[in-house]
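Colleague: Below, each chain spelled out in residue letters.
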Amino acid sequence: MPDPVIRLGVTGLSRAGKTVFITNLVANLLERGRMPQLSARDRIEAVYLQPQPDLTLPRFAYEDHLAAMTGDAPHWPQSTRAVSELRLSFRVRGAGFFGGLVGPRVLHVDIVDYPGEWLLDLALLDKSYEDWAEGVLARMAGRAEARDFMALARAEDGALALDEPRAMALAAAFTAYLTAARAAGWSDCTPGRFLLPGDLAGSPVLTFAPLPKPAHRPRGCLWSEMERRFDAYKARVVRPFFRDHFARIDRQVVLVDVLGAIHQGPRAVEDLRRTMAEVLAAFRPGRNGWLDRLLGGHRVERILFAATKADHLHHHQHPALTAITEALLRDARSRADFAGAQTAALSLASLRCTVEEDITRGGEKLEAVRGRLADGRQVALYAGELPGDPARILAPAREGAERWLNADFSMMGFAPARAARKPGEGPPHIRLDRAAEFLIGDRL
Amino acid sequence: MPIEPDDKLKAPALIEVEGEVDPGAEQFEDPPTGRAMDGVRRLASARASGFARFAGWVFGSLFSLILTVAAWNFVTGLFAANAWLGGLASVLLGLAAVIVLVLVAGEARAFARLARLDSIRAQAIHAADAADLKAARAVLHRLEGLYAGRPAMKWARARLAERQDEVFDADGLLRLAEVELILPLDAMARAEVEAAARQVATVTALIPLALADVATALVANLRMIRRVAEIYGGRAGSLGSWRLLRRVFVSLVATGAVALTDDMMGSFAGGGILSRLSRRFGEGVVNGALTARIGVAAMEICRPLPFVAAERPGVSATVSRAMAGLFGQRDGG
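Protein sequence lines, in the order shown, are assigned to chains V and C. Our numbering numbers the first residue of the first sequence as 1 and each following residue consecutively. Our numbering numbers the first residue of the second sequence as 1001 and each following residue consecutively.
Hints were generated in silico from the structure; no laboratory data involved. One or more hints might be untrue.
[Unchecked claim] Just the calculated beta-carbon pair ranges, DEER-fashion: (1) C/His-1126 - V/Asp-64: 39 to 49 Å; (2) V/Arg-361 - C/Leu-1014: 34 to 44 Å; (3) C/Ile-1125 - V/Asp-408: 33 to 43 Å.
[Unchecked claim] No more than 25 Å apart at the CA atoms, straight line, and that leaves these computed lysine to any residue pairs for SDA-like: (4) V/Lys-365 - C/Ala-1138; (5) V/Lys-127 - V/Pro-77; (6) C/Lys-1134 - V/Pro-77; (7) V/Lys-422 - C/Ala-1135; (8) C/Lys-1154 - V/Arg-421; (9) C/Lys-1134 - V/Ala-159; (10) V/Lys-365 - C/Trp-1155; (11) C/Lys-1134 - V/Ala-383; (12) V/Lys-422 - V/Asp-54.
[Stated by the list, open to error] One side of the interface only, derived from the structure: several residues of chain C facing chain V at Cβ under 8 Å: (13) Ala-1135; (14) Arg-1137; (15) Phe-1168; (16) Ile-1231.
Remember, it's a predicted structure, so these values are computed and weren't measured experimentally. Even for Gly, the Cβ is constructed at its ideal location relative to N, Cα and C.
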């Protein structure tokens, strides 16, 4: 019988911290000194980083990322530009009465890393060009970044015949808008390949843009051609990506940078909520019965919803952050619970870069965190008080408020700290062990 | 019916008030507490009624009064007869009083120490339930204070101190403390329970006198409970051991009535076969199993943290391990 394999799907938008999560999870599973909440810790005999089974994918550059995070001048790893994979193999002593008799077992965990921008495309799978274009144009109307593209698109008539240079100009303007929108913190930047085209750059499948539907559509008109290319994009780019990397996952962790969105304001929070709901609708949660297993059907059995960058807050605020994350991803979580999957939510920091410190401001004691900024300054940060009731965050976001009422949140981007590690210890983290326990602990 | 001027309906009113109200935060009286179970608990750990306590107090006071007066008369009588003898008697009496005081203080300290274990456990359960990290850290602090005087646990305490700042979950922190500090103690306590079970089994199997085996069993059980309490950081004096034994029986009756039969099935079955061979050996096995049962309950009562990371030791497993040496089951597996 082949050794059991768990495919762990790490889902998160770009900048949510997928690469850091994978790197530090692997590092801490290799050196388990800092994983007290992983219950099988003492039964793991050896962990080994194997060559992955998929021969056509590059290997996840674990050593490079780890060196970036833990070197003498630690910094965050480069943002991911292509798909890569990693296989981690465990040799575990069995637990319980028969554990001693059976001898050690082997378990493989496959993890895939990919650019977060591409994940957005999963939301396109069950949308037609018309729906997509209407939605995008409606949301663009209020954004300053879209002014150039809107001017260009208004001048265009979808009923005219296709003129390739003009289509390319439209696509270029749309790409410029997407880049600007992502820089401004918006989450719904579809199609993701426009931002990171890889070797598809310039091909017709990436040369389309949202246009309003003309009343009269002759054969070969610009609008119909755009629709054709959109469908090809779905069929040739998005579907293979989903099929190869997400259709067979057993365990899923959804990383969300909730703090970043709260810092950006109510609109970014609402944008994040809608985007995540659309993306997560593409997955199939549930419980694998024995027949499912036999037939090779796969459902996502356990889903962990994690708010990342919890080290930017003092630990007494973590419950509030977790509650907001749960409320933010309520739809996906209820759906998964209903389908019989196990879900959990927590706040974690993949790589902990701060220590907790109390500061006083005007005679008032604030429980803050202290760390190093990217420019090298040491600062103590109190990010503002998160409300215990998530509705204080989500309701204004849904109503489209410009800014938070009676509240102020501000985040800083901390850089990794120089940490002295003892032998047998991985880099510091917050609750990565709990996440690992939930995701793979039951199979170890 | 016509409305009279002074019988008119109340007019609408709107009064502005300061401050906001939160209907969701309103507390209602009388949260459900499970009254039935509480009644069972009260019955099980019933204290004497008011009248009985009053009677006890009266008799106790009377007795001590008689004792004091008798001692007083004795000493003054001696003084009257001979000043030397009277002096000697009063010195001895004073010494006796000091010794009694020391003993009482020792027992009181032991009680306080046992109460401390209880309160640590209650705090730990509360912290885990409420996911209160601050409370969990307080529990760890108290545990460290409890075991600070033990050189053998220095290493475990150092390991715990190294890791505890990195855990931000109350249950995770308590689990860590249980694994690092309490699990080694569990092994020691279990060895103690097994030794006692073996001793009781041997004695009841071999001693032919009817009352002598009861006495040895009682002594062995008391000693076992005392040792278990000491291992977990209590310091049970002689009165404390008695009290613990009573609590063990109370907890066995209140919680373990079902578990007793379930757990004992294997032991009884084994004992049944043995008792076919020899009545006395069967008796011994059953007595040993009961001792193990009491020992496990004592572990539960004395352990400063509830069984979470480790499973509560099963009685059958404990008994079979204890008897393995006695009846030659070791190579049989």
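Colleague: Checking against the hints above, which ones are violated?
Modeller: Structure breaks hints 5, 6, 7, 9, 10, 12, 13, 14 and 16.
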